[in-house]
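K.L.:
Protein sequence lines correspond, in order, to chains X and F.
Under full-length UniProt numbering, the first residue of the first sequence carries the number 1, and numbering increases by one thereafter.
Under full-length UniProt numbering, the first residue of the second sequence carries the number 1, and numbering increases by one thereafter.
Since the hints were made in silico from the structure, they are not lab data.
One or more hints might be untrue.
Listed below are the simulated EDC-like cross-link pairs for lysine to aspartate or glutamate, each with C-alpha atoms no more than 16 Å apart in a straight line [said to hold, decoys possible]:
id : chain 1 : residue 1 : chain 2 : residue 2
1  : X       : Lys140    : X       : Asp196
2  : X       : Lys306    : F       : Asp390
3  : F       : Lys162    : F       : Asp390
4  : X       : Lys309    : X       : Glu365
5  : F       : Lys82     : F       : Asp59
6  : X       : Lys306    : F       : Glu392
7  : F       : Lys426    : F       : Asp103
8  : F       : Lys162    : F       : Asp411
9  : X       : Lys309    : F       : Glu340
Not close to chain X: a few residues of chain F, all C-beta gaps over 10 Å, as computed [claimed, not checked]:
id : residue
10 : Ala7
11 : Val32
12 : Leu45
13 : Asp190
14 : Gly213
15 : Val354
16 : Glu392
17 : Asp419
18 : Lys426
Ideal Cβ placement from N, Cα and C applies to all residues, glycine included.
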Amino acid sequence: MLRLPLLVTGVVVLAAVFVMIATTATTSGPFSPDSTEPSGARALATLLKNHGVDVTGTELLDDAVDPVGRGDRKTLLIGPNGSLDRYDWQRIADAGWSHIVLVRPGTRALEVLAPGVHDSTSFLSSESREPDCDLPAAVKAGTVTVGGSTYSAPPGAQACYGDGINHTVIRLETAGRIVDVVGTSRSFTNEQLADDGNAALALNLIGTHADLTWYLPQFESGGVDNGDEDGPPLVPPEVRYVAWALAFAVLVVALWRGRRLGPVVPERLPVIVHAAETTEGRARLYRRSRARDRAASALRESALGKLHKAHGIPRKADPSAVVATVAARTGRDPAMLYELLYGLPPVDDSALMYLSHELDVLTQEVRHP
Amino acid sequence: MVLTGRAGLLAAAGVVFVAVLMPSWSGVGLVVAVVLVVCLVDMLLAGSPRRLQLSREGDNAVRLGEQAVVQLLVANPGRRVKGLLRDAWPPSAGVQDPPHRLDLPHGERRRLVTHLVPTRRGDRQAYRVTVRSIGPLGFAGRQGSHQVPWTVRALPPFNSRKHLPSRLARLRELDGRTALLVRGQGTEFDSLRDYVPGDDVRSIDWRATARRGNVVLRTWRPERDRQVAIVIDSGRMSAGRVGDAPRLDHAMDAALLLAALATRAGDRVSLLACDSAVRADVRRPAPEDVLPSFVNALANVEAELVQTDFRVVVSQVLERLGQRSLVVLLTGLDPAVIEESLLPVIGPLLRRHVIVLASVADPRLIELEATRADLTEVYGAASAARTRLDRERVTAILTRAGATVVDEPPDQIAPALADTYLALKKAGRL
């Protein structure tokens, strides 16, 4: 009878794991076409798909050096970050892309793919800017919110959105292909795509061909595959077997320690309610609603009860008689006593505290005259 | 199937084996196979826990706070069973022993003793007996459970019985053994005796004096064979905790002391525990049977979180009491409940019987009213004062209506109720 729920749980967990693996995005992180974070670019990828562009996100260098798919006019978008060496960049350059978009490229990428373009050290603050160039994509887009790395363009290149010397969007044609250098990667993220003409610029700049490979270079991209042949492995292979044996030993120990000597015994426990709970609750209500008048009258009545008992005053005695008797016994001023016992409700919390203290002192006096 | 530490050690040795001698898949496979085979063989060789024959004997009832001893007889018709045996009880049964070690060769019997100190009133049922039988190699074994039913009833502790001797002494003073000279309501004629200087002259029986020639007195003694009905409210008013036990438990304590005292005074005591329905009902047991029957009836009564229906209480009491009797109602003094539920229906009881209403006061309220260091505490003191004033108001109403109210803290309620009973008896109001 215990097996069935276990079985069901197992099946559900397995199904969940399977679904997760099946639907896991192929890319992640900043500027990823699958990421819905502010720094992701899911919005741009969706926009491109809606305009008939077939977007393929990847984190594998192999996809970037081997353009597959239909047609011979293909675009490769290379995301920021990552580290590829010169050899990998050369492989990308030799792969035969007809249009390459470099988003915030480093020096090595520029040397290989966009000769003449140099990374300038200046940084453009993020604000709306005019294109200031003839690039059709930029002219159509008009004002765009840009900001970020800037690059210096070689003569002959179309350079847009800059401060006059350096620019953030540069298009040049080399070796029979178009290369766009985009410094302002943030303009195309989910966060800023809707601003100004950002979306128009992105569509016109990137969506030139029907096939777009969206490559996000990774840090370990170079040389893991050929690492085995190069040097001694970091982990000796024997350790793997020891780890498996260790895992088995841990399993055995877990079974040894985990088995209980019979089930836990259930028991119906009584409800525990403290008798004073209602009184304490009412005290909190008094406090919350600042019911000083009610509190004061309770304290006064209580003190009067004690005085009645201590002085043998009849229960039905009128206030002046009570005050006279108590004043005679304690030597207090009758007017003040009257105010204390029958006065108006206290006006603030400190007055209530004072009243409580005075009544306390009075009843104590009565007990020890 | 259970594994032991030895199986873990064997697997750990396997790790060393793989690391040093056979760092390969076959090494790992060999270790796994050896451990599995050894454990499997050991498990098959272990004696079957299910074939054991178990039975119980021992205590059926114990006073709360004292120790019960329950014995478990284990007979083994099969292969030798060596390992552990756990006699499982609910936590509040208070099992004192760790799991028993068991080494039972074929055909032998053992007597295992489980000590219980229950922590709560009521029936505690044995849950299951689990036996773990380890194989001869000590690597693995089998485990199985048996149902061996047994019930230990934890009875109300009757802590207030320490007050009984002093109250019995007071009872003897006003009982027939010290004859009364004053005739009053609720007394009956006891005997005649000679006048001694100092005796009340009003007690002289002139007719007997004339007959005998010397002065003779009449003596009286309190009436006997009165009926006392103890009614315990087991509704929500008795559920609140005062100190470390619910009001209900303090009320039971007081009820037991009163029952013991009244029985010794020659009165007939009956018991009713009631909320929306009757939970315990003992009608006029034989004098020597009063305490055992009360304690047994009360053992399983728990406070229900419902409002007590006093119409049920009144009709039940009226139904079982013929002559004028003492009705002791142990309940709470909640002003709203008393005014709305009890007062409208208690009229018939008040007219026909003597009513004592006993309630356990909460010392926490006194403490709450006395501490007034900051604003929160002042509001607490005001609230506690209001509660006390309300209780005093209700007490006054009940007293005016003719009932006697006993409102005392938990440690005082039982002797106070006994004293009230003695006072009523002395005044001849029964």
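K.L.:
Look at each hint and say if it fits the structure.
P.N.:
Structure-based check of each hint:
1. Proximity of Lys140 (chain X) to Asp196 (chain X) is assessed by CA-CA distance (about 12 Å); at most 16 Å being required, the pair is judged to hold.
2. A threshold of 16 Å between alpha carbons decides the hint, and for Lys306 (chain X) with Asp390 (chain F) the separation of about 15 Å falls inside it, so the pair holds.
3. Of the supplied pair hints, the one linking Lys162 (chain F) and Asp390 (chain F) is violated, its CA atoms being roughly 33 Å apart against a limit of 16 Å.
4. With a C-alpha separation of about 13 Å, the suggested pairing of Lys309 (chain X) with Glu365 (chain X) holds against the 16 Å cut-off.
5. Using a Cα cut-off of 16 Å, the hinted pair Lys82 (chain F) and Asp59 (chain F) is violated, with the two alpha carbons roughly 28 Å apart.
6. Restraint check: the Cα-Cα separation between Lys306 (chain X) and Glu392 (chain F) comes to about 12 Å, which is no more than 16 Å; the hinted pair holds.
7. At most 16 Å may separate the alpha-carbon atoms for a hinted pair to count; Lys426 (chain F) and Asp103 (chain F) exceed this at roughly 66 Å.
8. As the CA atoms of Lys162 (chain F) and Asp411 (chain F) are separated by approximately 12 Å, the hinted pair is consistent with the 16 Å bound.
9. A threshold of 16 Å between alpha carbons decides the hint, and for Lys309 (chain X) with Glu340 (chain F) the separation of about 29 Å lies outside it, so the pair is violated.
10. For Ala7 (chain F), the shortest C-beta to C-beta distance to chain X comes to about 5 Å, within the 10 Å cut-off, and the non-interface label is violated.
11. Distance check for Val32 (chain F) against chain X: the nearest CB is about 6 Å away, which does not clear 10 Å, and the non-interface claim fails.
12. Here Leu45 (chain F) stays apart from chain X, with its beta-carbon at least about 18 Å from theirs, past the 10 Å limit.
13. Separation of Asp190 (chain F) from chain X is adequate, the least Cβ-Cβ distance of about 40 Å exceeding the 10 Å criterion.
14. Under the 10 Å C-beta cut-off, the non-interface status given to Gly213 (chain F) relative to chain X holds; the minimum distance is some 53 Å.
15. Its beta-carbon lying about 26 Å from the closest one in chain X, Val354 (chain F) satisfies the requirement of being farther than 10 Å from that chain.
16. Consistency note on Glu392 (chain F): stated as away from chain X, yet its beta-carbon is not over 10 Å from all of that chain's, at 7 Å minimum.
17. The Cβ of Asp419 (chain F) lies farther than 10 Å from every Cβ of chain X, with a closest approach of about 21 Å, so its non-interface assignment holds.
18. With 10 Å as the threshold on Cβ separation, the claim that Lys426 (chain F) sits away from chain X holds: the shortest Cβ distance comes to roughly 26 Å.
Checked against the numbered hints above, the structure violates hints 3, 5, 7, 9, 10, 11 and 16; every other hint is satisfied.
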